[in-house]
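Novice: Just need the whole structure built from these sequences, with the hints factored in.
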Amino acid sequence: MQYRYMGRTGLQLSVLSFGSWVSFHKQIDDSKADELMGIAYDRGINFFDNAEGYAHGESEKMMGRVLKGKNWDRTSYILSSKVFFGSRKDSKPNQTGLSRKHIIEACHEAISRMQTDYLDLYFCHRPDPAVPIEEVVWTMHNLITQGKVLYWGTSMWSAAEIMEAHRVAQQYGLIGPVMEQPQYNMFERYKMEMDYLPVFRNVGLGTTIWSPLAAGFLTGKYLSGFPEGSRLGLEGFEWLKDRWLQEEKIGKLRKLDGLAKELGISVGGMAIAWTIRNPNVTTAILGATSAPQLEENLKALEILPLLTDEVMQKIEDILQNKPFLNLA
Numbered sequence: 064m065q066y067r068y069m070g071r072t073g074l075q076l077s078v079l080s081f082g083s084w085v086s087f088h089k090q091i092d093d094s095k096a097d098e099l100m101g102i103a104y105d106r107g108i109n110f111f112d113n114a115e116g117y118a119h120g121e122s123e124k125m126m127g128r129v130l131k132g133k134n135w136d137r138t139s140y141i142l143s144s145k146v147f148f149g150s151r152k153d154s155k156p157n158q159t160g161l162s163r164k165h166i167i168e169a170c171h172e173a174i175s176r177m178q179t180d181y182l183d184l185y186f187c188h189r190p191d192p193a194v195p196i197e198e199v200v201w202t203m204h205n206l207i208t209q210g211k212v213l214y215w216g217t218s219m220w221s222a223a224e225i226m227e228a229h230r231v232a233q234q235y236g237l238i239g240p241v242m243e244q245p246q247y248n249m250f251e252r253y254k255m256e257m258d259y260l261p262v263f264r265n266v267g268l269g270t271t272i273w274s275p276l277a278a279g280f281l282t283g284k285y286l287s288g289f290p291e292g293s294r295l296g297l298e299g300f301e302w303l304k305d306r307w308l309q310e311e312k313i314g315k316l317r318k319l320d321g322l323a324k325e326l327g328i329s330v331g332g333m334a335i336a337w338t339i340r341n342p343n344v345t346t347a348i349l350g351a352t353s354a355p356q357l358e359e360n361l362k363a364l365e366i367l368p369l370l371t372d373e374v375m376q377k378i379e380d381i382l383q384n385k386p387f388l389n390l391a
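The working numbering numbers the first residue of the sequence shown as 64 and each following residue consecutively.
If you are wondering where the hints come from, they were derived from the structure by calculation, not from laboratory data.
Don't take every hint at face value.
Using 25 Å as the maximum straight-line C-alpha spacing, the simulated PhoX-like pairs for lysine-lysine come out as follows [what the hints assert, rightly or not]:
#1 Lys-284 - Lys-95
#2 Lys-124 - Lys-164
#3 Lys-324 - Lys-284
#4 Lys-95 - Lys-362
#5 Lys-315 - Lys-211
#6 Lys-312 - Lys-385
#7 Lys-211 - Lys-131
#8 Lys-164 - Lys-211
Specialist: And the structure:
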């Protein structure tokens, strides 16, 4: 396993990590989660990602039960949660968003659900235009000074929103956001390759990217239908199907699959390796529902050296979607 520092912090994350967004409580049970987290940990993964909104808090409970059973040294792994969407099926006022009340209460609930004493990483899962950024920064700063959170960050925020949080932090002598969790894959590139460039340069930013396989689309498994239990076939996730199963993307995927076959590797492994080849990626979060699937994804580390400049150019020629600054 390789490890990278998270932005300009002293915290090291495994370049591949393990997440629970769709799979926990929906596709797998406790025993399978125990098996997969065990494989991940044994292979050097030290970051396990979660959120209050995943399965209405049930994902965090499942991860907490697994971790309690594993009895791993707490200093050997990194846990995260995210706040914004709430954990209740029918939310009342103040049970979602980024108010001081919800951030603090959601933090306490996440710590309780995961049966831990603190969260290593705590993300604002979305920006909240209804809440002054000063309120968010002060609240996160206070959670850190209380030892309940070690680092705070954002997810799906724009560069301008992240820099505004830093401006407030600098103005009041507070701790600003140090990591962002954006979507990043071969078909979703703008934030990581364009929008965040000034943030990387000016204040530093760790990134824990999600959906490196575009919800499994980049594995190629949907080229001939929907395998039973697969993510794009789940109720409530129809939007993923609409997003990825487009003719243009399918055509490009077939060409990517052909290139991968020439290299003797899987297209999914190539796609994951492509994301972590970007030096601004701290870690790529993997999701898996079976041991073979996780092992296949972990091969991305072996594939990484094969992505030479020549191969990267071939990928670029297929994708033809590299973001650029339009000065016209």
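Novice: For a C-alpha distance cap of 25 Å, please report whether Lys-312 and Lys-385 respect it.
Specialist: holds, 14 Å
Novice: With the threshold set at 25 Å, check whether the alpha-carbon distance from Lys-124 to Lys-164 stays at or below it.
Specialist: Holds, because 22 Å separates the two Cα atoms, which is no more than 25 Å.
Novice: Does the alpha-carbon distance linking Lys-315 and Lys-211 stay inside the 25 Å limit?
Specialist: violated, 45 Å
Novice: Holds or violated: are the alpha carbons of Lys-324 and Lys-284 at most 25 Å from each other?
Specialist: holds, 15 Å
Novice: Given the hinted pair Lys-95 and Lys-362, is their Cα-Cα distance within 25 Å?
Specialist: Satisfied, since the Cα-Cα distance of roughly 20 Å is no more than 25 Å.
Novice: Are the Cα atoms of Lys-164 and Lys-211 separated by 25 Å or less?
Specialist: holds, 15 Å
Novice: Are the Cα atoms of Lys-284 and Lys-95 separated by 25 Å or less?
Specialist: Cα-Cα ~21 Å, so holds.
Novice: Taken at face value, is the distance from the CA of Lys-131 to the CA of Lys-211 at most 25 Å?
Specialist: Answer holds: Lys-211 to Lys-131 is near 19 Å, not above 25 Å.
Violation of the numbered hints given earlier is confined to hint 5; every other hint is satisfied by the structure.
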